[in-house]
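Please work from the sequences and hints to get the whole structure.
If you read the protein sequences in the order shown, they are chains A and B. For the first sequence, position 170 (counting from the first letter as 1) is numbered 170 according to our numbering, and the numbering increases by one without interruption. Count along the second sequence starting at 1, add 304, and that's the number in our numbering.
Because the hints were derived from the structure by calculation, they are not lab data. Source: prediction; values computed, not measured. In this text, a Cβ means the ideal position worked out from N, Cα and C, and glycines have one as well. Hints are supplied without guarantee of correctness; some may be wrong.
Unchecked claim - Distance condition first, Cα-Cα at most 25 Å in a straight line; then the derived DMTMM-like pairs of lysine to aspartate or glutamate:
#1 Lys-435/B x Asp-186/A
#2 Lys-323/B x Glu-101/A
#3 Lys-99/A x Asp-475/B
#4 Lys-375/B x Asp-196/A
#5 Lys-375/B x Asp-186/A
#6 Lys-375/B x Asp-397/B
#7 Lys-443/B x Asp-475/B
#8 Lys-394/B x Asp-186/A
#9 Lys-99/A x Asp-362/B
#10 Lys-394/B x Glu-101/A
#11 Lys-437/B x Asp-196/A
#12 Lys-375/B x Glu-101/A
#13 Lys-365/B x Asp-186/A
#14 Lys-316/B x Glu-101/A
#15 Lys-323/B x Asp-539/B
#16 Lys-316/B x Glu-299/A
#17 Lys-371/B x Asp-196/A
#18 Lys-99/A x Glu-363/B
#19 Lys-308/B x Glu-336/B
#20 Lys-394/B x Asp-196/A
#21 Lys-506/B x Asp-475/B
#22 Lys-435/B x Asp-397/B
#23 Lys-394/B x Glu-299/A
Said to hold, decoys possible - Here are some, though not all, of the chain A residues that point toward chain B, as calculated from beta-carbon distances under 8 Å:
#24 Arg-30
#25 Ser-191
#26 Asn-226
#27 Gln-294
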Amino acid sequence: MIEQLGNGLLLGIIIAVASVALSLLYGVTRIVNFAHGEIIALGAIATLFLSSPVDSRVIFLDRFSPLGNNFYISVVISVILCGLLGGILEFFLFRPLRKAEVGNIAVLVVTIGLSLFLRHIYLLFNAKPQNFPLELQRRETYLFFDMTPRNFRVLILGIFVMVLIGLFLNYTRIGKAMRAVRDSNDLASVSGINSDNIILFTWISSSMLAGLAGVFQATINDVRYNMGFLILLLIFAGTVLGGIGTSFGAMVGGFIIGIVVNVSVGLPFMEGHTEAKNAVALAIMILILLFRPQGIFGEKERVS
Amino acid sequence: MSNKYLEVTNLKKSFGGLKAVDVQSLNLNRNELTSIIGPNGAGKTTFFDLISGFQDSDEGKVFLNKKNITKSQPYSIARLGMIRTFQLTKVFDRMTVLENMMFSASSVNNDSFMKSLIRLPSQKTTEKNIKEKSFEIMKDLNIDHMANSYARELSGGQKKLLELGRSIVNDPSILLLDEPLAGVNPKLAEEILQIILNLSEKGISILMVEHNIEAVMKISQRVVVLAEGMVIADDIPENVRTDEKVIEAYLGSENE
Chain A
1 MIEQLGNGLL LGIIIAVASV ALSLLYGVTR IVNFAHGEII ALGAIATLFL SSPVDSRVIF
61 LDRFSPLGNN FYISVVISVI LCGLLGGILE FFLFRPLRKA EVGNIAVLVV TIGLSLFLRH
121 IYLLFNAKPQ NFPLELQRRE TYLFFDMTPR NFRVLILGIF VMVLIGLFLN YTRIGKAMRA
181 VRDSNDLASV SGINSDNIIL FTWISSSMLA GLAGVFQATI NDVRYNMGFL ILLLIFAGTV
241 LGGIGTSFGA MVGGFIIGIV VNVSVGLPFM EGHTEAKNAV ALAIMILILL FRPQGIFGEK
301 ERVS
Chain B
305 MSNKYLEVTN LKKSFGGLKA VDVQSLNLNR NELTSIIGPN GAGKTTFFDL ISGFQDSDEG
365 KVFLNKKNIT KSQPYSIARL GMIRTFQLTK VFDRMTVLEN MMFSASSVNN DSFMKSLIRL
425 PSQKTTEKNI KEKSFEIMKD LNIDHMANSY ARELSGGQKK LLELGRSIVN DPSILLLDEP
485 LAGVNPKLAE EILQIILNLS EKGISILMVE HNIEAVMKIS QRVVVLAEGM VIADDIPENV
545 RTDEKVIEAY LGSENE
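Structure (C-alpha cells):
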C-alpha cells in the first residue's frame, strides 16, 4: 500500500501540474482544450529528441538524428518550445476564432481536431515507447516512500512549481490581471487591461506547464506519442473535481485523482484488474460531484 | 479653448438591415452632466459600446479631448480616462471588494510587462496610497464594511455601488454610466443620484443612459433623446420635457 501511495504522490503531482495549466487556460479563455495532452507529449518528445545520444538508434526511427544535448538543457528548451507552440496556437488560430466570435462548442471541436492532428504527427516520428537517456537508479527511502532519487526530485520540483504558480497568481500584477480577465473580460478591459496580451500570456504559460508535466510523466514512465492523451481524462477529472476555474482546486483535485488511481491498485477487489485503476478514480470523481456539484473548491455563485 | 470634450460625428452602426445607431453629431462639454434617454431599442447601449470601443462603428468618428479614438480598443480608451459601467453590473466575482477597487486603480497606469513581474519599493508606496484611496471611496459609498468579502457575495445594489466605486478610483475625466439606477430600490437610487451629482461637481464629465426619467430630469444639465438610433432632441431638461417629437417617440413605442 505504501508503495502505491508513493507512486500515487508522483502521479498526483503530475496530474496536478497539468490540471492547473488546463484550468488556467479554461478560466481565462473559456476554451476546453483537448489538445492539452498533445502539448504534454511534446514536452516529453522534444526532450527525448534533444537529449538522446547522437549515436543511438532509439529515436525517431531513421527520420531524424537525436542531438545529444545535456538532459537538463533539453528539458528547458523543450518547455520553451511548448510555450512557443501555445503562443503560436493562440496567435494564429484561437485569436482569429475569438475575433470572429466562433462559439465555445465549435472551438472545443477545433481543439479535438488539433489534438488528433498533432498526435498523428508525433506518430509519424515515434511509434514505440522509449525511455529518456538516463541511467537506471536504485530506489531509496524518503520518509515512508521508496522511490528513485530522480522521481523524488520530480516530486519536489512539482510541489515547488505549484507553490510558484500560487504566489504568481496572487501577488504579481500580471497574475492578478489573469484572474481579472477570468472573472470578466469586459470589466478587465475598462480597467485598462489589454486582455489579448493576457490571453496570449496564459496560452504560453499554460503550455509551458503542460510541457513540464510531460517531462515529469516521461521521467517516471516512458515517452509515447499518445502519452498526453492517455492521461488527459485524469487531468479533466482533476480539474472538475477541484472545481472548474479555480487554480487551487485544480491542484488539489489533480493530486487526489493521481493518488486514488495508484492506491486503488492495492484494493482487494482490484487484484488482477489493475488496468481498471482509472475507473476507480473516475467513479470517485462522479461520487464527489453528486454531493458537491461545484467541485471541492468551486464556489456556488449568487444567481442574482 | 473649445469646451467640447467628447465629439461624435456621423456615427453609424447597423445590424443586418436594422439601423441601430445613426448619430449625426453629439458633443459632450467638459464638466457637463448629460443624460441620454429614449425608448427601448433606441440604440442607447449600442451608442455606448461604439464610443467605448466595445463595438466597431460602420462609419463616423469619435474624438476624446481632440484625440481620435474611433477604432481604439476598450483598454486604451480606459487608459485615456474615459471609464464606462455596464447595464448588467459587472464585478470581479472572485476578488474581494477591496481587490476589485485596487485592481482597477493600479492597472490603468502601469502597462509594462516586466514591471508587472517585479515589485519595486516605489511601487509599495503607490500601493499603500491606492489602498488608502480605495478605502476612502468605499467609505463614501458605504461599502467599506464589505471590503474583505468576495464581490460575488454582494447584493445587487452593493454591486452597483462597487461598480461606481471602481470606475472613479482612477480619477477618470469622463464617466459613461449605463443605467446606474436599474434595479435598485428607491432609497438607494436617491443615494446613487447624490453620488453622481457629487462626482459632477468634482469636475468629472458624465454621460449617463437612464430609464428613470424623473431622476434624469432632476440632475441632468442636458438631455439627449435617441429614437431609432437618431438624436431627436438635445436640450436642457425643461425643453425636452415638452418637446413634441419626444412625447411622440415615447407614446409610439408604447403602442407597439
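Hints versus structure:
Straight-line distance between C-alpha atoms of Lys-435/B and Asp-186/A comes to about 23 Å, which keeps the hinted pair within the 25 Å bound. Note on Lys-323/B and Glu-101/A: the hinted pairing holds, with a Cα-Cα distance of about 21 Å set against a maximum of 25 Å. Of the supplied pair hints, the one linking Lys-99/A and Asp-475/B is violated, its CA atoms being roughly 31 Å apart against a limit of 25 Å. Simply put, Lys-375/B and Asp-196/A have alpha-carbon atoms about 16 Å apart, close enough for the 25 Å limit, and the pair holds.
This hinted pair checks out: Lys-375/B and Asp-186/A have alpha carbons roughly 17 Å apart, not beyond 25 Å. Simply put, Lys-375/B and Asp-397/B have alpha-carbon atoms about 29 Å apart, too far for the 25 Å limit, and the pair is violated. Among the hinted pairs, Lys-443/B with Asp-475/B is consistent with the structure: their alpha-carbon atoms are about 16 Å apart, no more than 25 Å. Distance check on the hinted pair: Lys-394/B and Asp-186/A sit about 8 Å apart at the alpha-carbon level, within 25 Å; holds.
Using a Cα cut-off of 25 Å, the hinted pair Lys-99/A and Asp-362/B holds, with the two alpha carbons roughly 17 Å apart. Restraint check for Lys-394/B and Glu-101/A: the C-alpha separation of about 21 Å stays at or below 25 Å, so the hint holds. About 29 Å separates the Cα atoms of Lys-437/B and Asp-196/A, which puts this hinted pair outside 25 Å; it is violated. Straight-line distance between C-alpha atoms of Lys-375/B and Glu-101/A comes to about 18 Å, which keeps the hinted pair within the 25 Å bound.
Taking the CA atoms of Lys-365/B and Asp-186/A, the gap is about 22 Å. The hint holds against a cut of 25 Å. Taking the CA atoms of Lys-316/B and Glu-101/A, the gap is about 21 Å. The hint holds against a cut of 25 Å. Under the criterion of a C-alpha separation no larger than 25 Å, the hint pairing Lys-323/B with Asp-539/B is consistent with the structure, at around 24 Å. Taking the CA atoms of Lys-316/B and Glu-299/A, the gap is about 42 Å. The hint is violated against a cut of 25 Å.
Restraint check for Lys-371/B and Asp-196/A: the C-alpha separation of about 23 Å stays at or below 25 Å, so the hint holds. Only pairs whose Cα atoms come within 25 Å are accepted, and Lys-99/A paired with Glu-363/B is accepted, the gap being roughly 20 Å. A distance of roughly 10 Å separates the Cα atoms of Lys-308/B and Glu-336/B; the hinted pair therefore holds under the 25 Å criterion. Annotation: proposed proximity of Lys-394/B to Asp-196/A holds, straight-line Cα distance about 19 Å (limit 25 Å).
For the hint pairing Lys-506/B with Asp-475/B, the CA-to-CA distance comes to about 10 Å; that is within 25 Å, so the pair holds. Annotation: proposed proximity of Lys-435/B to Asp-397/B holds, straight-line Cα distance about 19 Å (limit 25 Å). A hinted pair counts as satisfied when its Cα atoms are at most 25 Å apart, and Lys-394/B with Glu-299/A qualifies at roughly 18 Å. For Arg-30/A, the shortest C-beta to C-beta distance to chain B is roughly 15 Å, which exceeds 8 Å, and the interface hint is violated.
For Ser-191/A, the shortest C-beta to C-beta distance to chain B is roughly 4 Å, which falls under 8 Å, so the interface hint holds. Restraint check, Asn-226/A versus chain B: the minimum CB separation of about 35 Å is more than 8 Å; hint violated. Look at Gln-294/A: its Cβ only gets to about 12 Å from chain B, farther than 8 Å, so that hint breaks.
Of the hints listed earlier, those the structure fails to meet are numbers 3, 6, 11, 16, 24, 26 and 27, in rising order.
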